[in-house]
Amino acid sequence: MTAVTEKATSPRLLSAEMPSGRTTGWWGMILFVTTEATVFAAMLGSYFYVRFQSGPQWPPPPLEDPKLMKVIIMTAVLLPSSVPVMWAERGIRKGQRWRLRAGLAITLVLGLSFLGLQAWEYSEDLKKHTLTTDAYSSLFYSITSLHGFHVAVGLLMVGWLLAASLRGSFGYRRHERVRLTAIYWHFVDVVWVAIFISLYLSPRL
Amino acid sequence: MSVETEEQARSISRGEAEAELEKEWGERPSLRSWFSTVDHKRIGRRYMVTAGIFFILAGTDAMILRTQLARPNATVLSPEAYDQLFTMHGTAMIFLFSTPMFFGFGNFLVPLLIGARDMAFPRLNAFGYWVFAFSGIVMFASQMVGRAPDGGWFGYVPLTDTPYSSGINLDVYSLGLLFLGVSTTAGAINFIVTTVKMRAPGMSLNRVPLFVWAIVGTSFMVIFALPALNVANVMLFLDRRFGAHFFDPAHGGSTLLWQHLFWIFGHPDVYIIVMPALGIVSAVLPAFCRRGVVAYPLMVLAIVTISIISFGVWVHHMFATGLPQLSYSFFSAASTLITIPSGIQIFAWLFTMLRGRIVVRTPFLFVVGFIVTFVLGGFTGVMFAITAFDQQVTDSYFVVAHFHYVLFGGAVFPMIAGIYYWLPKFTGRMYAEKLSRWAFWLVFIGFNTTFMPMHVSGLLGMPRRIYTYPGDLGWDLWNFISTVGAYILAVGLLLVLIGVLHAIRRGRPAPDDPWGGDTLEWATTSPPRPYNFVTVPKVHSVHPMWDERTTAALATDPPLPDHQAMTTSELDGREEGAVEMPEESLLPLVTALGILVVVLGVLWGWYWFAGAGALLIFGTVARWMWPPERSPEEAGVAS
Amino acid sequence: MGQSHPRQRPWRLSIVLLSLLLAGCARQQQSTLHASGAGAQRIEGLWWLLFWISMAVFAEVMLILGWALWRRRRATARIKGGDAIGAITVLGVAVPLVILVAAYGLGLRDLNALAAPGQKPDVTVEVIGHQWWWEIHYPDSAGAVTANEMHIPVGEPVRVRLRTADVQHSFWVPQLMPKTDLIAGKVNETWLQTDRAGTYRAQCAEYCGKQHAFMALRVVAEPRTAFDAWVASTAQPATGTLTAAQQRGRQVFEQSSCASCHTIRGTSAVGEVGPDLTTIGSRWSIGAGAAPNDAGHLGGWIVNSQTIKPGNAMPPQPVAAQDLQDLLSYLQSLK
Numbered sequence: 001m002t003a004v005t006e007k008a009t010s011p012r013l014l015s016a017e018m019p020s021g022r023t024t025g026w027w028g029m030i031l032f033v034t035t036e037a038t039v040f041a042a043m044l045g046s047y048f049y050v051r052f053q054s055g056p057q058w059p060p061p062p063l064e065d066p067k068l069m070k071v072i073i074m075t076a077v078l079l080p081s082s083v084p085v086m087w088a089e090r091g092i093r094k095g096q097r098w099r100l101r102a103g104l105a106i107t108l109v110l111g112l113s114f115l116g117l118q119a120w121e122y123s124e125d126l127k128k129h130t131l132t133t134d135a136y137s138s139l140f141y142s143i144t145s146l147h148g149f150h151v152a153v154g155l156l157m158v159g160w161l162l163a164a165s166l167r168g169s170f171g172y173r174r175h176e177r178v179r180l181t182a183i184y185w186h187f188v189d190v191v192w193v194a195i196f197i198s199l200y201l202s203p204r205l
Numbered sequence: 001m002s003v004e005t006e007e008q009a010r011s012i013s014r015g016e017a018e019a020e021l022e023k024e025w026g027e028r029p030s031l032r033s034w035f036s037t038v039d040h041k042r043i044g045r046r047y048m049v050t051a052g053i054f055f056i057l058a059g060t061d062a063m064i065l066r067t068q069l070a071r072p073n074a075t076v077l078s079p080e081a082y083d084q085l086f087t088m089h090g091t092a093m094i095f096l097f098s099t100p101m102f103f104g105f106g107n108f109l110v111p112l113l114i115g116a117r118d119m120a121f122p123r124l125n126a127f128g129y130w131v132f133a134f135s136g137i138v139m140f141a142s143q144m145v146g147r148a149p150d151g152g153w154f155g156y157v158p159l160t161d162t163p164y165s166s167g168i169n170l171d172v173y174s175l176g177l178l179f180l181g182v183s184t185t186a187g188a189i190n191f192i193v194t195t196v197k198m199r200a201p202g203m204s205l206n207r208v209p210l211f212v213w214a215i216v217g218t219s220f221m222v223i224f225a226l227p228a229l230n231v232a233n234v235m236l237f238l239d240r241r242f243g244a245h246f247f248d249p250a251h252g253g254s255t256l257l258w259q260h261l262f263w264i265f266g267h268p269d270v271y272i273i274v275m276p277a278l279g280i281v282s283a284v285l286p287a288f289c290r291r292g293v294v295a296y297p298l299m300v301l302a303i304v305t306i307s308i309i310s311f312g313v314w315v316h317h318m319f320a321t322g323l324p325q326l327s328y329s330f331f332s333a334a335s336t337l338i339t340i341p342s343g344i345q346i347f348a349w350l351f352t353m354l355r356g357r358i359v360v361r362t363p364f365l366f367v368v369g370f371i372v373t374f375v376l377g378g379f380t381g382v383m384f385a386i387t388a389f390d391q392q393v394t395d396s397y398f399v400v401a402h403f404h405y406v407l408f409g410g411a412v413f414p415m416i417a418g419i420y421y422w423l424p425k426f427t428g429r430m431y432a433e434k435l436s437r438w439a440f441w442l443v444f445i446g447f448n449t450t451f452m453p454m455h456v457s458g459l460l461g462m463p464r465r466i467y468t469y470p471g472d473l474g475w476d477l478w479n480f481i482s483t484v485g486a487y488i489l490a491v492g493l494l495l496v497l498i499g500v501l502h503a504i505r506r507g508r509p510a511p512d513d514p515w516g517g518d519t520l521e522w523a524t525t526s527p528p529r530p531y532n533f534v535t536v537p538k539v540h541s542v543h544p545m546w547d548e549r550t551t552a553a554l555a556t557d558p559p560l561p562d563h564q565a566m567t568t569s570e571l572d573g574r575e576e577g578a579v580e581m582p583e584e585s586l587l588p589l590v591t592a593l594g595i596l597v598v599v600l601g602v603l604w605g606w607y608w609f610a611g612a613g614a615l616l617i618f619g620t621v622a623r624w625m626w627p628p629e630r631s632p633e634e635a636g637v638a639s
Numbered sequence: 001m002g003q004s005h006p007r008q009r010p011w012r013l014s015i016v017l018l019s020l021l022l023a024g025c026a027r028q029q030q031s032t033l034h035a036s037g038a039g040a041q042r043i044e045g046l047w048w049l050l051f052w053i054s055m056a057v058f059a060e061v062m063l064i065l066g067w068a069l070w071r072r073r074r075a076t077a078r079i080k081g082g083d084a085i086g087a088i089t090v091l092g093v094a095v096p097l098v099i100l101v102a103a104y105g106l107g108l109r110d111l112n113a114l115a116a117p118g119q120k121p122d123v124t125v126e127v128i129g130h131q132w133w134w135e136i137h138y139p140d141s142a143g144a145v146t147a148n149e150m151h152i153p154v155g156e157p158v159r160v161r162l163r164t165a166d167v168q169h170s171f172w173v174p175q176l177m178p179k180t181d182l183i184a185g186k187v188n189e190t191w192l193q194t195d196r197a198g199t200y201r202a203q204c205a206e207y208c209g210k211q212h213a214f215m216a217l218r219v220v221a222e223p224r225t226a227f228d229a230w231v232a233s234t235a236q237p238a239t240g241t242l243t244a245a246q247q248r249g250r251q252v253f254e255q256s257s258c259a260s261c262h263t264i265r266g267t268s269a270v271g272e273v274g275p276d277l278t279t280i281g282s283r284w285s286i287g288a289g290a291a292p293n294d295a296g297h298l299g300g301w302i303v304n305s306q307t308i309k310p311g312n313a314m315p316p317q318p319v320a321a322q323d324l325q326d327l328l329s330y331l332q333s334l335k
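Protein chains in written order, with my numbering: chain A, 1 to 205; chain B, 1 to 639; chain C, 1 to 335.
Calculated directly from the structure, the hints in this document are not laboratory data.
Ideal Cβ positions, reconstructed from N, Cα and C, are used throughout, including at glycine.
Mixed in with the good hints there might be a few duds.
Here are the simulated distance ranges between beta carbons [claimed, not checked]:
(1) B:Arg-147 x C:Ala-321: 37 to 47 Å
(2) A:Arg-173 x B:Ala-622: 16 to 26 Å
(3) C:Val-273 x B:Leu-326: 36 to 46 Å
(4) B:Ala-250 x A:Leu-166: 51 to 61 Å
(5) A:Lys-67 x B:Pro-297: 49 to 59 Å
(6) B:Leu-326 x C:Ala-142: 49 to 59 Å
(7) C:Trp-52 x B:Leu-326: 43 to 53 Å
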C-alpha cells in the first residue's frame, strides 16, 4: 500500500498524469456527444420530413397540439440543472469537495423530477394516442423517450459520480470524470431545448 | 519529461530499459490474457483475421450465387435461399468485412505510424473488437439456421416491414447492424482521439502520414453518417415489433424516409470503405517508388473534401423515385464534382510513379491493379452521377459491375497490397514473392472476367437481384463468363490466403525494415514489441524514417519508462506530457457480452433477459470507470 | 422523335458493330442498346458519348502508367522534391472539370428531355404494381383492364401513371424509357413514345421479394387504329358465346374459389386479389413471364402454381380432371 502510494505520489507521475492541454478523455467525450447529437438531428430531421409530407394539419387530426403546461415546468426543471453541475465542477477545480457533492445532489434531484414529470405527462398523453396511433405519434414517443433514456443515463452517471465523490476520489488535481460527466449533462440539456422547440412549439407556429 | 526521468534513463543501459519495458507491457501468454488483452496490435490482428473469416463466408455466398446464375432457369437455389444469400453477401461484405478489415489495419498501424505506444483508449479498443465479433457471429448464425436477412443490403421498406416480411430475418438485420454500430462508433472515436493527442512530438498536422489522414477522415464520416443508419434501424425495428408507423404511408409515415436516412449513411459509407484503401495506396507507394507521394497538401485536401462532399450526394441513389427535377440537378452536380478529389489522388499516384524509381514487388502490382480497376469504376461512377443515364441503368447489372469495380477494385486490391506490404510487421515473416505474383494475376484476371461482362448484361437490360432469367434475352453468355471469372478470382484469393498462412508457418523471418519504408512503423522490430517504441520518436518531416534526425534520435534518446505513453498538442504536435496507459482487463469483454445479452433478449422478445444484460452493462461500466482510491493530497483537496 | 438522335451519328458504326456482338443471339429484346423509344434513344446516345469519353481518359491514364512502368529508372537513392502540383492541378482538376461540366450539361439536357414528352399525351395508362405482377388500366376507356401486358399507340406519347399496391417496384422498359419507381403512398408519372411498332419486354427493376425475377411486362406498340380496337375489345365484358364445355368451365370458375380472387367482367366473379382474367386467353404469358400461356402450363398453374412460381399468392386448387378441362377451355376462349 505504501509502495503504491509512493509510486502514485512521486512527483514524476503527478506531472505525468496531468498533462497540459485537452485530455484524451475530453476529446473522446466531445466526439461521443457529437455523434449522439447527430442521432437526435436525424430523429428531428425525420420528424420534420414526415411533417412536411403530411397534410396541412399538424399534428394530424383528431390529435391536438401537445399541451404546454407540464412541458414548460419540465423545461424549467431540466434547464437550470446544468447550473449546479457547473458550480460543482468549478468547486472541485478549487478542491472544494462539498461543492462537488452538493452540486451533484441538486442535479440528481432536478433530473429525477424531470423524469417524474415526464412519466406524468406520458400517462396523460397515452390516453389520447400511443406509439401505434400514427407516424406522428411514433415520432413523438420515440424522440421524447430517447431523450428520457439519455436523461436516465446521465442521472446514472451523476449518481455514480456522487458515490465516487463521497468516497473522496476527486480534488483539484483529479477531476476529469467530473468534467466529462458535466459535458454529457449539458448535452442532454441542450438537446431538450431542440426537442421542446420542435415537438412542442413548432406545431403552434 | 522531468529532469529525474532523464537522469534515470542515462543511468541504466538501453538493454535494461527494454527488459523493464517488456515487464511493464508484455502479456504472459495465457487463456486469460487472450481474453483480456488491450494491445492494439493483437486487437488489430484479431480484427483482420475475424473480418477475413467473414470475407470467406460472404465470398462463398457469392460463389453459390454465381453458380446459380451461370445458366438460365437454373435451380441450384430456391428463391428464398437466393434472397438470403445475396442479402448476406452484400451486408457482410460492407459491414462485417470491409470496414472491420480496415479498422484492423488502422488499429495495428495508426499507433505505429504516429509513433505512439497504443491507441488513446486501449480498453475501448478491445471492447470494440468483441462487439464486432459478436455481432458478426449473430448475423452469420442467422444464415446457418436459414433465417438470414432477405431484404437486400439496403433493406427498402415496405418490403422489409410488416406485413411483407414476417419472421425474424429482418430483426436480425436491424438489431445486428445497431449492435455492430456500437463497435464502429467506438473505433472511430478512438482513431480520432489517438491521432489528435498521441502523435509523436514534432508530428504536426502537415507531417501526419496520408494513411492516418485517411483513417481520420473515415472516422469523421462514421461519426456523422452512422447515426442516420442507426435511427433508421431503430425505426424499422419499432415498426416491425411494436407496430409503430414511421414507414407506413397508410398512417402518415413515409417509405422514402427510410431511403433518405439509409443513403445519408449509405453514400458516405462508400467512402468509409474506400478511403482507408486509398490511404493504404499512399502508404505503400513511397517504398516502391523510392520517393514520397507527390503533392501531399493536395492529397490531404482531397481526403478532407471527400469526407465533406460525401454527405451531399445521397439522392443519386434515389434518381428513379420521382423526386423534383431541381433536387436531381443539385445532387447530380455534387455527385459529379466528388470525382475530382479522387482524380487528384489518382494523378498524384501516377506522378509519384513517374517521378520515382519503381521497384516492382507484389504490393506494387496490387496498387497498379487497383489504379486500373478503380479508374474504370470511377468512370461508371460519373455516369451514375448523370441523372438521365442513372435512371436507365440503375438497379441493373451495370450498377452491380460499377460498385464491384469501386469496392473490390478500390478497396480489396489495396487491402491485399497492404497485407503483403505489412506482413513483416503483422507476423514477423516475409511472404513468398513467386506465389504472390500468381495470386495477383489470377485475382486481376479473375476480377475483370467476373465483373466486366456485368456491364454488358446490365446494358442488355438484366435487372439485379433476380434469382434466375430466361434464356432468350441474350444474357446467358455474359453470365456464364462472369461465373467462370468468379471461379478464377476465388482461386486467386485462395492463393493469397495460402501465401499468408505459408508465411506465418514457413516464411523467412523479416528484417525490421525490408522495404526501406518512410514511416515510423519501420523503426520497430518485426513484429513490434508490445510497447512499440523504446524511446518516443521525434518527427521533423513527413517521411521520418528517411530523416536522419529522427533515426539518430531513436537510437540515442532516453527510453520512456513504465506503462506510459506521450501526449502532444492537437495541431503542431508539441510535447505535453506522458500519461499512464490502462492495463489489460476483462471488463471490455464482459461489457460486450452484456450488449450481446441485450441484443439476443430483444431479438427473441425475452425482455427480462435483455434487462439482465442492461444491468450487467451498467455494473461493468460503473466498475470500469470507477476512479482509484486517492489520498486527499493526491486528489488535491482545499484545506 | 422519329429522327435519330443527332449526337449518336459519329458513333453509328461502333453502335452497329457492338450491338450485333452484344445481343446478336437474343430472341426477345430488353436491351438499352436497341432503343426504340424517344427517351431510351436519347440515353443510348448519351451512353456511347460517355463510353468514348471514358475510353479516352482511360487511355490517358494507361499511357502515364505505362510510361512510368516502361521507363523505370534503376532503384538507387531516394528522390526528393518534384512535387508535380502543377501537373496534377491541370490533369487532375482542370481537365476533369471541363469534361465533367460538359457531361453534366449534356446530362441535364437529357434529363429535361425525359421530364415531359414533346406534345401533350392523349392516352393515359395506369400501372399498379403487385407482388409479382402488373395491373394495367386504361382510365379513359370503358373499363379496359388487363395484366402484364400494355398496348400503346405508335407515334404519340403515352402518359403512364404508376402506383403500387404493396411494396416498391420499378417500371422499366429498357428499349423505350428509363426507370421510374412505384412507391407506396405516392403516384409517379412517366411517359412512353415510340415510332416503331413491335413488342418490348420489360421487367420490374426494384427488388420486391421472392419472385422479383418473374415480374415481366410486355409492351405492344401498334398503329393507332389497332390500338383503339384493342382497348375497345379489352374493355368489353366476357360475353361471347360459349360451347357447352366452356359453359361448364365458367360455372366451375364462378362457383369455386377462383372467383374469390379473380374478376371476369360480365360474370359473377369479382374477386380483386389476383389479375383480372377477362382477356386471359389473349395474353402472352401466365404468371408475369413465369410460363408461356398454353393449355398445359395454364392447367399446371391452376392445379399448383407454386411449382411454377414459388411464393406467389395463389394457393393450389384441387380441381377435378373434367372440371379442369372445361375450365381451361373456358379461360382460353376469353380473348
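Evaluation of the provided hints:
A C-beta distance of roughly 40 Å is found between Arg-147 of chain B and Ala-321 of chain C, which places it inside the suggested range of 37 to 47 Å. Arg-173 of chain A and Ala-622 of chain B have their C-beta atoms about 23 Å apart, which keeps the hinted 16 to 26 Å range intact. For the hinted restraint 36 to 46 Å between Val-273 of chain C and Leu-326 of chain B, the CB-CB distance of approximately 40 Å keeps it satisfied. Take Ala-250 of chain B and Leu-166 of chain A: their Cβ atoms lie about 55 Å apart, and the range 51 to 61 Å holds.
Distance hint check: the CB atoms of Lys-67 of chain A and Pro-297 of chain B are about 57 Å apart, consistent with the given range 49 to 59 Å. The beta-carbon spacing between Leu-326 of chain B and Ala-142 of chain C, approximately 39 Å, falls outside the hinted interval of 49 to 59 Å. The hinted range of 43 to 53 Å is not satisfied by Trp-52 of chain C and Leu-326 of chain B, whose Cβ atoms lie roughly 30 Å apart.
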